[in-house]
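Start from the sequences, fold in the hints, and give me the full structure.
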Amino acid sequence: MRVLITGAGGMVGRALVAHCQAQGDKVLAHERADLDITNADEVYATLERERPETVINCAAWTDVDGCELNPERALTVNAEAVETLALASRQVGASFVTISTDYVFAGDKAGFYTQRDDPEPQSAYGMSKLQGERRAQVVSARTMIVRTSWVFGPGGKNFLTSALARARRGEQLPAIGDAYGTPTYAPHLAARLRELAALDLPGVYHVAGSGAGTSFAGFARAAVALAGNKEATVAEVSMDSLQRPAPRPRNSRLRCLLSAAIGLAPLPDWQTALREFAETINAER
-19 MRVLITGAGG MVGRALVAHC QAQGDKVLAH ERADLDITNA DEVYATLERE
31 RPETVINCAA WTDVDGCELN PERALTVNAE AVETLALASR QVGASFVTIS
81 TDYVFAGDKA GFYTQRDDPE PQSAYGMSKL QGERRAQVVS ARTMIVRTSW
131 VFGPGGKNFL TSALARARRG EQLPAIGDAY GTPTYAPHLA ARLRELAALD
181 LPGVYHVAGS GAGTSFAGFA RAAVALAGNK EATVAEVSMD SLQRPAPRPR
231 NSRLRCLLSA AIGLAPLPDW QTALREFAET INAER
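At position 109 of the sequence shown the residue is numbered 89 (the numbering used here), and the sequence of numbers has no breaks.
Think of the hints as simulated: they come from the structure by calculation, not from any bench.
Be aware that one or more of the hints could be misleading.
[Said to hold, decoys possible] If you anchor each label on the Cβ, the simulated ranges turn out as follows:
| # | residue 1 | residue 2 | range |
| --- | --- | --- | --- |
| 1 | Gly73 | Gln152 | 46 to 56 Å |
| 2 | Glu30 | Asn209 | 44 to 54 Å |
| 3 | Ala90 | Glu22 | 19 to 29 Å |
| 4 | Pro225 | Ala2 | 19 to 29 Å |
| 5 | Leu222 | Arg31 | 40 to 50 Å |
| 6 | Val217 | Lys89 | 18 to 28 Å |
| 7 | Pro225 | Asp158 | 44 to 54 Å |
[To be verified] Quick list of in silico lysine to any residue cross-link-like pairs, SDA-like style, CA-CA up to 20 Å:
| # | residue 1 | residue 2 |
| --- | --- | --- |
| 8 | Lys89 | Gly191 |
| 9 | Lys210 | Arg146 |
| 10 | Lys210 | Pro101 |
| 11 | Lys6 | Arg(-18) |
| 12 | Lys210 | Pro154 |
| 13 | Lys89 | Leu179 |
| 14 | Lys89 | Ser218 |
| 15 | Lys6 | Gly198 |
| 16 | Lys89 | Arg146 |
| 17 | Lys89 | Glu100 |
| 18 | Lys89 | Asp220 |
| 19 | Lys210 | Gly198 |
| 20 | Lys6 | Glu33 |
| 21 | Lys6 | Arg29 |
| 22 | Lys6 | Ala178 |
| 23 | Lys89 | Lys210 |
| 24 | Lys6 | Leu179 |
| 25 | Lys89 | Pro101 |
Every residue, glycine too, gets a C-beta built ideally from N, C-alpha and C.
See the structure below:
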């Protein structure tokens, strides 16, 4: 398969490049420095020149508080640029896969969010990502939306990376105890992105680690246990106490209604993924 990947320098992008190369794909990897997805002329010229069979968009502005303070830029990167990528993909006959987020939901539901739940974003980030979903689907019928949550993995800055590092130093980890999600390992997400691109079945998919999910505090405690430093502790804090600019969903656990129907197995649970991640870090030390 001839795969064009945007955002190839990010955590998920790097995992996806490695996975597609391992599958024998022709990978056309573009980092921000060589493909600015907000530059429509550059996007059209690149896709016309490289003629991919599928485009997988891993580029986004994911600074939730930054988006809240600059919603215009959030729309430019997370909505308008996604629409451009989808339209350019259609014009060269390519399918289009783009990553969305659990932040499209309000977060006040008790159970898991599925495709049956209406999006109700509470932040500028969530609104911009939802706009990206909808605009892409309007301009290209071969669009696959992949909503995911709490992504962690090697080579990126995320909650778990910093938690493991602080735990190894024996520090106290402040972690939110009243916000819940389904942690997702970047290499597992990358594999599913490629599977969906190969299936070429348009729709909205929820791709997240299986199981009951956890809180940030539960996630941090697991990291502390893996770090093996008895001096490290977790201090639970409430989400409201942090007083951040952007609201966050209090519960954003995801479950997919479509994956099993098209023959896709659940992703491994977050505990299994966490152990895999810790082993990867240990091997690199």
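Hints and how they fare:
Judged by the Cβ atoms, the range 46 to 56 Å given for Gly73 and Gln152 holds: they are separated by roughly 54 Å. For Glu30 and Asn209, the Cβ-Cβ distance of about 47 Å falls inside the hinted range of 44 to 54 Å, so the restraint holds. The given range of 19 to 29 Å is broken by Ala90 and Glu22, whose C-beta atoms sit roughly 45 Å from each other. Taking the beta carbon of each, Pro225 and Ala2 are about 40 Å apart, not inside 19 to 29 Å as hinted.
Taking the beta carbon of each, Leu222 and Arg31 are about 47 Å apart, inside 40 to 50 Å as hinted. With their beta carbons about 23 Å apart, Val217 and Lys89 fall inside the hinted range of 18 to 28 Å. Our hint of 44 to 54 Å for Pro225 and Asp158 is violated, since their Cβ atoms are close to 19 Å apart. For the hint linking Lys89 to Gly191, the alpha-carbon distance of about 17 Å falls within 20 Å, and the restraint holds.
Using a Cα cut-off of 20 Å, the hinted pair Lys210 and Arg146 holds, with the two alpha carbons roughly 12 Å apart. Annotation: proposed proximity of Lys210 to Pro101 is violated, straight-line Cα distance about 40 Å (limit 20 Å). Proposed proximity of Lys6 and Arg(-18) is supported: the alpha carbons are some 5 Å apart, at most 20 Å. Between the alpha carbons of Lys210 and Pro154 the distance comes to roughly 16 Å, so the proposed pair stays at or under 20 Å and holds.
Only pairs whose Cα atoms come within 20 Å are accepted, and Lys89 paired with Leu179 is rejected, the gap being roughly 31 Å. Of the pairs offered as hints, the one joining Lys89 and Ser218 holds, with about 18 Å between alpha carbons and a cut-off of 20 Å not exceeded. A C-alpha spacing of about 40 Å is found between Lys6 and Gly198, which places the hinted pair above 20 Å, so the restraint is violated. Restraint check: the Cα-Cα separation between Lys89 and Arg146 comes to about 32 Å, which exceeds 20 Å; the hinted pair is violated.
Simply put, Lys89 and Glu100 have alpha-carbon atoms about 11 Å apart, close enough for the 20 Å limit, and the pair holds. Annotation: proposed proximity of Lys89 to Asp220 holds, straight-line Cα distance about 17 Å (limit 20 Å). For the proposed pair Lys210 and Gly198, the alpha carbon gap of about 16 Å is at most 20 Å, so the pair holds. Straight-line distance between C-alpha atoms of Lys6 and Glu33 comes to about 10 Å, which keeps the hinted pair within the 20 Å bound.
Restraint check for Lys6 and Arg29: the C-alpha separation of about 14 Å stays at or below 20 Å, so the hint holds. Straight-line distance between C-alpha atoms of Lys6 and Ala178 comes to about 13 Å, which keeps the hinted pair within the 20 Å bound. With a C-alpha separation of about 36 Å, the suggested pairing of Lys89 with Lys210 is violated against the 20 Å cut-off. As the CA atoms of Lys6 and Leu179 are separated by approximately 17 Å, the hinted pair is consistent with the 20 Å bound.
Of the supplied pair hints, the one linking Lys89 and Pro101 holds, its CA atoms being roughly 13 Å apart against a limit of 20 Å.
In the structure shown, a violation is registered for the earlier hints numbered 3, 4, 7, 10, 13, 15, 16 and 23, in ascending order.
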